[in-house]
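Quick note: the sequence shown uses our numbering, first residue 770, plus one each step.
Just so you know, not all the hints are guaranteed correct.
As the list claims (entries may be wrong) - Now the in silico label distances, taken between C-beta atoms and shown as ranges:
hint, residue 1, residue 2, range
1, 1079, 1184, 39 to 47 Å
2, 902, 924, 25 to 33 Å
3, 1170, 1076, 17 to 25 Å
4, 1069, 922, 20 to 28 Å
Said to hold, decoys possible - Here are the simulated lysine to aspartate or glutamate pairs, EDC-like style, with alpha carbons at most 20 Å apart:
hint, residue 1, residue 2
5, 937, 895
6, 1131, 1064
7, 1216, 1069
8, 1131, 1119
9, 1052, 1064
10, 965, 925
11, 937, 1201
12, 828, 980
13, 1009, 949
14, 1052, 1074
15, 937, 1204
16, 828, 1053
Worth flagging that the hints you see were computed from the coordinates, not collected in a lab.
Glycine included, every Cβ here is placed at the ideal spot set by N, Cα and C.
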Amino acid sequence: MARTKTAATAPSGASAKTSRNGRLSNAERSAYFARREAAKVLRLVLRGDARRRAVGSIKSLVYSPSVKNKKATFALVCQTLKHLPIIKQVLDSASILNSKWKRQEELVYILTYDILFGQGISLVGDAEKFLMLHKGAIQSALARLLVRNKVKSIEDLMALYQTPDVPKPRYVRVNTLKMDVDSAVLELGKQFVVQKDDLVPDLLILPPGCDLHVHPLIVNGCVFLQGKASSMVAAALAPKPGWKVLDACSAPGNKTVHLAALMKGKGKIVACELNKERVRRLKDTIKLSGAANIEVLHGDFLNLDPKDPAYSEVHAILLDPSCSGSGTAAERLDHLLPSHASGHTADPTEMERLNKLSAFQKKALRHALSFPAVERVVYSTCSIHQVENEDVIKSVLPIAMSFGFQLATPFPQWNCRGLPVFEGSEHLLRTDPVEDKEGFFIALFVKGNIIDRSKNPTIPSSCTSTVTEEHEKHSDKSWIFH
């Protein structure tokens, strides 16, 4: 595994080994800090998973500004999680951990991975010294595990635990506030094979596994790492330049700045976010995008008064509320988490969580539909669960109709539609977590005949059709979501 150099200072005292001149070598320093950064991330990941309240995905935690050695940290965290069932069994069998090291179990997991499966470790810290003293016991425990499972190699042992990796194309959205699509294709094409997406105009497709996190176009905000389904959400709302738009639950802000690009930087977007930490991330995203027509509102969307003159001219609302995130589990690397193997989605506590999320989602959608001047509302989730998707839409349909709204069909050429649980569900849009590699849900409400394209020619026919249009019957999908 690669160890990249960092500019961190050496640890003090006896916690790290020094070279003959009294200093750590660059390799030792890099390895020492990478392991400890990885341990901090791993602690957050495992604790969040145990409580079913993740503070962030593995990627978002690793690529936060506080992590210096991102590449090495990401690799260590992912590889340790992949091997974690084996590491835990080995440590239990070896019986070497006292209470002191059990309090630092995440660092112990990282170091044990490196001893057994990585490039090994040097004696640069107290934890490293302790585990290297017991290296023989650790390796003997692994040998016993191989015998007990009747396998001859580490690869065969890993096959008993691992979920196969699913290759997924790398999607990037061109920020047309800073760069046109053709220029982005030309620039990215110097390193990668690039295709334009056939559905979302500013979306590009690159080969799986492309690491773009430090690419200049990503760093300067000309291009955003954003999946296809996520990019479809703002496009479905199709806001016009000059409109006033409300993004109800906006952080981290990728959809918010996509709205700004679709509006060509004209008009105004009110980006509402309740969580203080997520507000910071939202502001960072907006700054990176160069959008100048976004006002950040730190507050609860549900507390906004639809009758307030400040919102009397809101034309459209994007509502992407908190959800289970079950549709992006693969993207978030949830298959690496201990709870994934235990099948926690069937737990009563998980169903209780889903029901609470659904109650909030219904309340938020009813609120969005109550703004008097609003003409278009998009409701979206990154969930595969019916309770967060079709059930939410079905519950609000009566009140939506009372406000003059009807369901429209975003991207009518898209084959995957809503589960057939109520009349009109064919207007809803789903993406398949297997076929499309992520599971999203989009519902579009329009007021009256507002999307009559003879009156509103700026709304592309590829993105929307009215509920009165005929639709193809899509019976080729066999849905198994519950």
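Comparing the hints with the structure gives:
1. 1079 <-> 1184: 39 to 47 Å: 41 Å, holds
2. 902 <-> 924: 25 to 33 Å: 28 Å, holds
3. 1170 <-> 1076: 17 to 25 Å: Between residue 1170 and residue 1076, where Cβ atoms are some 21 Å apart, the hint holds.
4. 1069 <-> 922: 20 to 28 Å: The hinted range 20 to 28 Å is violated for residue 1069 and residue 922, with Cβ atoms some 55 Å apart.
5. 937 <-> 895: 40 Å, violated
6. 1131 <-> 1064: 25 Å, violated
7. 1216 <-> 1069: It is violated: about 25 Å lies between the C-alpha atoms, which goes past 20 Å.
8. 1131 <-> 1119: 18 Å, holds
9. 1052 <-> 1064: 10 Å, holds
10. 965 <-> 925: 40 Å, violated
11. 937 <-> 1201: Measuring from Cα to Cα gives roughly 13 Å; hence the hint holds.
12. 828 <-> 980: Distance of about 12 Å is within 20 Å: holds.
13. 1009 <-> 949: It holds: about 18 Å lies between the C-alpha atoms, which stays within 20 Å.
14. 1052 <-> 1074: 24 Å, violated
15. 937 <-> 1204: Distance of about 10 Å is within 20 Å: holds.
16. 828 <-> 1053: 17 Å, holds
Hint compliance for this structure: hints 4, 5, 6, 7, 10 and 14 are broken, all remaining hints hold.
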